[in-house]
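*Asks:* Chain by chain, the residues:
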Amino acid sequence: MLNIKDISKTFNPGTPDEVQAIKHVSLTVPEGSFVVVIGTNGSGKSTLQQLIAGACVPDSGSIELAGQDITRWGEHRRAALIGRVFQNPFSGTAPTLSIIENMALAARRGQRRGLGWLLSGAVRRHLRERVAELGMGLEDRLDNAIGSLSGGQRQALTLLMAVLQRPSLLLLDEHTAALDPKASDQVIRLTRDMVAREKLTTVMVTHSMHQAAHLGDRLIMMVNGEIRQDLADERKRRVHVEDLLALFEQVRRADRLDASAAELLRSRYV
Amino acid sequence: MDIAMTTAGDAATVRVSGRLDARNADILSRELDECVRGGWHVLRMNLHDVEYISSAGIRVLIKFAKILQGQGGWLEVLEPSSVVASVLEMTGTMPLFAPRKEQSAATATAGASGCRQIGAMRCTVTASAAGVSMRGRVLGNPAFMARNGSFAPGEVRQLRLGVKAVALGIGAFAADHAGAKGHYGEFLAAGGVAVALPPDSNGQPDFVVSEQRLVPELAVLSALHLEGDFAVQARFESSPQHDGLPGLSDLGAAALALSGASQAVMVALAETSGLVGASLLQSPEGSQDAEYFHFPEARRWFNLTPERVHGRQLVLLVGVFARQPAVPLADHLRPMADSADALRGHVHAAVLSYRALPGGSLALPATLADIFQTQTPLDLLHLINDDRAISGAGDSLFQRGVLWVSPLGEVDMEGGAQ
Chain A
75 MLNIKDISKT FNPGTPDEVQ AIKHVSLTVP EGSFVVVIGT NGSGKSTLQQ
125 LIAGACVPDS GSIELAGQDI TRWGEHRRAA LIGRVFQNPF SGTAPTLSII
175 ENMALAARRG QRRGLGWLLS GAVRRHLRER VAELGMGLED RLDNAIGSLS
225 GGQRQALTLL MAVLQRPSLL LLDEHTAALD PKASDQVIRL TRDMVAREKL
275 TTVMVTHSMH QAAHLGDRLI MMVNGEIRQD LADERKRRVH VEDLLALFEQ
325 VRRADRLDAS AAELLRSRYV
Chain B
2 MDIAMTTAGD AATVRVSGRL DARNADILSR ELDECVRGGW HVLRMNLHDV
52 EYISSAGIRV LIKFAKILQG QGGWLEVLEP SSVVASVLEM TGTMPLFAPR
102 KEQSAATATA GASGCRQIGA MRCTVTASAA GVSMRGRVLG NPAFMARNGS
152 FAPGEVRQLR LGVKAVALGI GAFAADHAGA KGHYGEFLAA GGVAVALPPD
202 SNGQPDFVVS EQRLVPELAV LSALHLEGDF AVQARFESSP QHDGLPGLSD
252 LGAAALALSG ASQAVMVALA ETSGLVGASL LQSPEGSQDA EYFHFPEARR
302 WFNLTPERVH GRQLVLLVGV FARQPAVPLA DHLRPMADSA DALRGHVHAA
352 VLSYRALPGG SLALPATLAD IFQTQTPLDL LHLINDDRAI SGAGDSLFQR
402 GVLWVSPLGE VDMEGGAQ
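Those protein sequence lines, which keep their order, are chains A and B. Under my numbering, read the first sequence as residues 75 to 344, first letter to last. Under my numbering, read the second sequence as residues 2 to 419, first letter to last.
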């Protein structure tokens with residue numbers, strides 16, 4: 075379970091560039107829940123993700139994961155609990171190492187990993203099976219360098235590596251945004267299957283309204299550093315892409331309504 | 002395939018050459034759709050150079066023949082190539098496309114009454130009745146919003162709207178205030194149809210059409226309620242002498258000119274080029290000291306279109322216009338533009354999917370019943386001319402349409418705080 079209590083984060087405080095990226099956000103994600111986070115640019119959804127991952131530290135509030143207060147933990151320490159997949163397919167893997175070497179590193183995540191580790195036949199067979207589950211034929215290319223794979227294949231492998239150790243939390247940061255539509259669909263299908271099979275507690279940030287409408291059991295919409303909408307269960311299941319677009323349009327219109335528009339309404343609305 | 006079009010009056014001659022197969026039929030269908038939207042009610046299809054026609058091509062011809070029939074026009078096939086002639090012969094569809102000599106309904110009425118230039122619009126009166134006017138009353142006082150929401154439940158009025166009623170304001174479909182609470186939003190009613198936009202409906206307007214003993218009933222916070230017959234029915238379109246399309250202010254000026262009065266009721270069905278307006282995001286009752294028009298609180302109360310929306314749709318407009326109105330009517334009207342002698346008005350708009358209007362003189366209740374039988378309104382707006390410099394979205398614009406207008410006689414006060 076992830077438990078975020080009243081966290082705030084301001085970048086460049088006291089300067090003209092001050093941005094209140096997260097304003098008193100609280101969020102509880104129960105064990106096994108799949109939360110999709112959407113929001114406009116600058117809504118704070120990526121900052122929220124970074125605060126959970128430990129890429130930055132909140133100014134106030136606390137974050138608990140798997141019963142431990144991780145608020146002050148560094149990013150590396152949190153990696154023992156959190157599996158992450160980034161937007162950039164090149165950032166989740168080591169390009170010069172082979173598929174099997176990357177997998178082996180992931181299998182030892184959170185543990186001491188020196189360069190002297192050996193791949194026993196049993197470990198290799200196990201990892202081969204897991205790679206085969208992706209259905210991409212990569213199990214026959216285990217010794218190829220990851221750098222030779224396509225973006226979709228790398229992202230699928232990164233996803234597999236992220237869940238290999240069954241993390242307490244899977245964080246997906248727009249992990250299909252850099253892929254072509256076909257590869258994106260494939261990675262989303264894998265995501266859905268892996269999360270369902272392993273019953274992973276998942277937080278996924280996305281720009282895709284289609285993914286937001288069709289994935290997960292809970293949908294959170296962030297606006298100006300706050301949670302504007304929180305739809306769960308039945309309400310989440312009834313959400314259509316059009317509803318989400320309408321919500322975004324409403325936010326956009328509210329942002330455009332300035333003081334002169336309020337005066338216009340005062341003189342013209344009856 | 003090539004498509005070439007020439008026009009004369011309300012007839013368009015469309016010359017098609019090449020193959021009229023499924024792919025090209027689709028292209029032709031879109032071109033003909035533009036013709037119909039452009040107001041051409043007679044399509045003369047010259048198929049002399051068509052070398053092949055499939056069932057897809059025939060289907061397009063039949064589709065537009067039916068659409069135009071509904072508008073008092075028709076589609077005819079001229080000089081069919083031997084291939085086309087034999088296919089139409091074999092399918093028995095030839096008589097459907099036979100050339101005709103008579104005038105279209107639109108041309109016939111235009112010839113009978115002549116055109117009138119009113120501002121930026123060309124208006125053609127299609128029906129009129131002498132000595133007809135409407136009576137009106139105001140319910141509630143919209144000033145409760147200016148008074149920051151100090152509104153008492155006792156100010157709510159019930160409104161039952163028959164076929165001859167025209168109304169607009171803030172209300173909800175309900176038998177009393179208890180049922181309407183939380184659902185008050187903009188509404189309009191005309192010709193036996195009422196449309197309301199509950200702010201809690203995620204932008205989906207609701208509607209009630211009079212049918213047998215069913216009469217739309219609303220609980221209203223404030224409303225203009227007019228009753229009677231229309232004195233004038235007219236077609237309008239943009240005038241060739243003017244650049245740009247007619248705006249809401251032009252419609253208001255035309256309504257006054259056509260009614261010959263200083264205050265008038267207008268109902269219109271029009272093809273839009275874009276609408277500018279606002280709707281409530283929250284039901285405004287029961288919020289003591291709500292500062293509706295304060296910035297930034299206004300963001301929580303109003304959905305204001307930042308640019309023109311709902312272009313190329315059909316819209317049902319219900320409004321009242323006046324120059325120098327007296328109280329109590331004046332309380333319900335606002336300036337249509339930012340100038341001292343401005344025309345004042347109050348107009349609500351229910352947005353519908355585009356469909357071409359039939360030609361000739363139209364009965365409002367029957368036309369609306371027909372439209373609402375198959376359509377759910379897409380949106381409802383209180384139209385506002387956003388004439389702010391630079392950031393303003395401008396006025397609502399219309400392509401063409403039908404106006405029903407009547408002079409508005411005395412307006413009484415009923416209920417509401419003074």
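Don't read these hints as lab results, they were simulated from the structure. Misleading hints may appear alongside valid ones.
[Said to hold, decoys possible] Pulled a few chain B residues facing chain A out of the computed Cβ check, cut under 10 Å:
1. 208
2. 209
3. 210
4. 212
5. 299
6. 309
7. 333
[Claimed, not checked] To be clear about the criterion: a stretch of chain B counts as covered by chain A if any three or more of its residues have a C-beta under 8 Å from a C-beta of chain A, and this derived list gives those stretches:
8. 255-265
9. 302-308
10. 334-345
No residue lacks a Cβ here, since even glycine has one placed at the ideal position from N, Cα and C.
*Asks:* Let's test the interface hint: is any C-beta of chain A closer than 10 Å to that of residue 333 of chain B?
*Replies:* holds (6 Å)
*Asks:* Taking 10 Å as the limit, does the beta-carbon of residue 208 of chain B come near enough to a beta-carbon in chain A?
*Replies:* With Cβ-Cβ at 19 Å, over 10 Å, it is violated.
*Asks:* The hint names residue 212 of chain B as touching chain A; please verify it with the least Cβ-Cβ distance against 10 Å.
*Replies:* violated (30 Å)
*Asks:* Would you say the stretch 302-308 of chain B counts as covered by chain A, given the rule of at least 3 residues with C-beta under 8 Å?
*Replies:* n = 5 at 8 Å, threshold three: holds.
*Asks:* Grab the minimum C-beta distance from residue 299 of chain B to chain A and call the hint holds if it beats 10 Å, violated otherwise.
*Replies:* holds (4 Å)
*Asks:* Would you check whether residue 209 of chain B satisfies its interface hint, that is, whether its CB is within less than 10 Å of any CB in chain A?
*Replies:* The hint is violated - residue 209 of chain B has no Cβ within 10 Å of chain A, the shortest such distance being about 23 Å.
*Asks:* When the nearest CB of chain A is found for residue 309 of chain B, is that gap smaller than 10 Å?
*Replies:* violated (13 Å)
*Asks:* Within the stretch 255-265 of chain B, is the number of residues with a Cβ closer than 8 Å to a Cβ of chain A three or more?
*Replies:* violated (count 0)
*Asks:* Residue 210 of chain B was flagged as interface toward chain A. Is the shortest Cβ-Cβ separation under 10 Å?
*Replies:* Since the shortest Cβ distance to chain A is 25 Å, the answer is violated.
*Asks:* Taking a Cβ-Cβ distance under 8 Å as contact, does the stretch 334-345 of chain B have three or more residues in contact with chain A?
*Replies:* holds (count 3)
Violated hints, listed in ascending order, are 1, 2, 3, 4, 6, 8; each of the other numbered hints is respected by the structure.
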